[in-house]
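Since the structure of chain C is already known, use the hints to place chain A on it.
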Amino acid sequence: MSHPAVELDGIWKRFPGVIANAGASLTVRPGTVHAVLGGNGAGKTTLMNCLAGVYLPDEGTVRIDGEEVRFSSPADALSAGIGMVHQEFRLVPVFTVAENVVLGAAPSVLDMAEINQKVAALADRFGFEAEPTRPIWQLSMGERQRVEILKALWRDAKVLILDEPTAVLTPQEAVELGSVLRQMVSEGRSVIFISHKLDEVTSFCDEATVLRDGKTVASSVAIADVDAGQLAELMVGSVSVQQVAPRDATPGDVVLAVDNLTVVDSRGITAVDDISLSVHSGEIVGIAGVAGNGQRQLTDTIAGLDVAQAGTVTISGTDVTALTTRHRVDAGLAYVPEDRLGVGLAPKLPITHNAVMRGYRTMRRGPMLSWDRARAYATGLIEKFDVKIGRMEAPMASLSGGNLQRLLLGRELSDDPRVLVASQPTRGLDVAGVAAIQNLLLEQRDAGAGVLMVSEDLDELLALADRIVVMSEGRIAGEFDPKQVSRTEIGEAMMGAQ
Amino acid sequence: MAFAIGLIFALIIGALLLSISGDPVFDTYQRMWDRSFGTADTLSATFNRAVPLALAGLAVSVAATMGLWNIGAEGQILFGATAATLVGRIGADWPGPVLIVAMLLGAAVGGALWSFGPGLARAEIGVSEIITTLMLNEVALRLIRYLQNGAWKDPEGFGFPQVEARPDQAQLGQIWERAHLGVIIALVVIAAFAWFLNRSVWGYELKIAGSSPKTATYAGISMRRKTLGVMLLSGAIAGFAGGIELTGTASRLSENISNGFGFAGIIVAALALMRPSGVALVAVAFSAVQVGGLSIQTLGVSPAVSAILQALILFGAIGAAVLSTYQIRLVDRKVAA
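So the protein sequences, as listed, match chains C and A.
Quick note: my numbering has the first sequence finishing at residue 498, numbered continuously throughout.
Quick note: my numbering has the second sequence finishing at residue 835, numbered continuously throughout.
Same shape as in the complex, but just chain C (with noise of 0.2 Å):
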């Protein structure tokens, strides 16, 4: 009789270039907590789209309360009893928090003093505080998270997911959010907790899914029966891609440096707080830690696409705090962006587009471009670094995901850099892929070159790093030899200054 609130079997959601789930599963028992956790890129958000009827699956089934369903829009699943609060709040600010809470489910003849009243009590019931004439944009982030929580409950969601819902708040927030939890569980509902904080998931959470590239690598693990060194080893693999065999490095002299870096974000977060470390050449430096722990912050403040609000980058000894991408491009800087697709790559554009993106203006003939020498250097790029394409006017995104990171690094290596910052650039890719790109960092770094990696897989790093630091929070939680730590050092050094 007790179905699962929730079946997710074999999801598989292609996209261009990606594939964010490789058969994902996930099993939802009511009246429980569910964590699904993952790095960036595992998949989570992915998947609960596929759940939400914000994506339709290109295989699998879901299934709720044991009936197999097929949401073609959010409204579908809505009314199907599931509810979603994504990381991006969908709140209109010029209404207040009754008008947001019913909009698109209200009575057909609006009662603004009897709708009020019953947002109040709905509010009251599950233990927040919730004036219902106040307007949104005088809500804090963790007030506006509540009213998006009050919408879903609004329309008695039996199954909601919360994505990434700590992110937005402050710890006793924080708090508030797990006993309002408790009370939606304790009358039979069931939440899905996506996150890759630990420390929450094991103190909210009862059971807990782990996504790693797409795929389920841990399945309903109970919380009371693993520690969050265990979760954390799930989430970064230990499944090792070891094809490659490093030599020793012979570092030299200081070509990246890094003094009190200090980078708030965009939701006013202290992203990178007073972070310091420097790369010599001839060493790859590994950064380790759970994604979404300012990493992605900091190699984006060294390419100069992100401001810092305090300290210094110098590459090879030119000041570059101040300078624009391009002058740190001139003072040696080669820059592998986490996101490739919508960063490093123009996806809808041609070939040769995106394979002269470095070196285009070295190409110039007075105004115009020399497309013959464009073309001419993208074949090059393609032979030299076997980049597998159909046609030079195909646009980028029809490449494969390795193809395309291969042309990428490939057009960042091409003008042999003194300083390579590669972001997860394994990261999606297939064994052969992995190798290929492992191989030419390493190339990379026995060349001269000093290279700064970050990669969520802890494996990875122990092979090809030559000094591991380790971020939590936004700060340098550690600094090991890849050749003398254990995994279970990294981490707890991983789960931060606890």
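The reader is advised that the hints may include incorrect statements.
With the C-beta cut set under 8 Å, the calculated list includes, among others, these residues of chain A facing chain C [claimed, not checked]:
1. R697
2. Y716
3. R723
Distance condition first, Cα-Cα at most 25 Å in a straight line; then the derived DSS-like pairs of lysine-lysine [said to hold, decoys possible]:
4. C:K348 <-> C:K388
5. C:K158 <-> C:K118
6. A:K712 <-> C:K348
7. C:K348 <-> C:K384
8. C:K348 <-> A:K651
From the derived model, a few chain C residues whose C-beta atoms are all more than 12 Å from chain A [to be verified]:
9. R125
10. K215
11. G252
12. D300
13. T314
14. A322
15. H327
16. P337
17. D339
18. G344
19. K388
20. S398
21. E443
Since the hints were made in silico from the structure, they are not lab data.
Idealized CB from N, CA, C, for every residue including glycine.
Frame of chain C, contents of chain A only:
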């Protein structure tokens, strides 16, 4: 192919519409054809009307390459024509060719001036260019009303509020029947821009910037400079169209000189899939449909039916050609195996 099928479909539906409204189907179509393409005289007039449509379409599509919406081509045409009139007043006794070149340049500068504010606001503080360019249309219109009642009022206008006529020698020459030199100029401008955008470093950077602002920043391209630059260029092209209208078909500046071309240019650009190279053909088709659609009203076809017929033909023919690049796939609404 899709073009022909779409056109035939549109004509069949149009025929139904005409028979419902009690108009003669064959005569109406005959008249539309005669007045748009049928004779050398009407065909040349169709070409003339296509010139501002094509240039406005070019202006909109150049901005769209970078993902910007210039909704203000109408105002830029008006202010371009105003600036050209100013040049005409200054150089009233200059020889014709010199004056025409000066007026056309003045028109382009005027158009660019009209898009400078929106471009700067967008580049520096992210103000939506859709709103600002749209609002400036009104401003340009009011400015002309002020001029025709005030400073530039025609002393020979018998008190009627109109701007003094431009110098007679500033008239673009006829090249074929009624078609003026502007037809050739527009074709050259469009070809030059299509070539420049595809071949130049500037055009390459524009495409990267249109792909994503983050990618552009990553590639070392200044989004601020590109945004301002492309808005200035878009405004200059639209302003230039105003100059061509003033020296080609109109004899004086008036608030009707833009004649909705700026707004129609958005449709032209959209139907050309925002490709600068496609605007000329689309503009000729658009012009023909407009001219033909107007002509049938003299047969007693109501303006409403005429407007519906115009829309049917445009979307039937060009829309079908656009939509034929998509494919329809049936997805099982029940459960996929």
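- [ ] Quick one: work out the minimum CB distance from C:E443 to chain A and report holds if it exceeds 12 Å, violated otherwise.
- [x] At about 23 Å from chain A, C:E443 clears the 12 Å cut-off, so the statement holds.
TODO: For the hint on A:R723, just tell me whether its beta-carbon gets within less than 8 Å of chain C.
DONE: violated (11 Å)
Task: Given as non-interface: C:P337, which should sit over 12 Å from chain A by C-beta - done: Incorrect as stated: the minimum Cβ-Cβ distance to chain A is 7 Å, not above 12 Å.
Open item on the list: Just want to verify: C:G252 was marked as not at the interface with chain A; is every Cβ pair farther apart than 12 Å?
Closed with: About 27 Å separates C:G252 from the closest Cβ of chain A, which puts it past 12 Å; holds.
Task: Given as non-interface: C:H327, partner chain A, CB spacing beyond 12 Å - done: violated (8 Å)
TODO: Examine each Cβ of chain A, and state whether all of them lie more than 12 Å from the Cβ of C:S398.
DONE: Its Cβ never comes within 12 Å of chain A, the nearest being 15 Å, so this holds.
Task: Per-residue hint verdict: A:R697, partner chain C, C-beta under 8 Å - done: Constraint on A:R697 satisfied, holds at 5 Å.
TODO: Please settle this one: C:D339 was flagged as non-interface, so is its CB more than 12 Å from every CB on chain A?
DONE: violated (8 Å)
- [ ] Confirm or reject the statement that C:D300 sits farther than 12 Å, beta carbon to beta carbon, from all of chain A.
- [x] violated (9 Å)
Open item on the list: The output says C:R125 does not contact chain A. Does that hold with a beta carbon cutoff of 12 Å?
Closed with: holds (37 Å)
Task: 25 Å Cα cutoff - pair C:K158, C:K118 - done: It holds: about 19 Å lies between the C-alpha atoms, which stays within 25 Å.
Task: Holds or violated: C:K348 to C:K384, with C-alpha atoms at most 25 Å apart - done: holds (23 Å)
Comparing the model with each numbered hint stated earlier shows that hints 3, 8, 12, 15, 16, 17, 18 do not hold.
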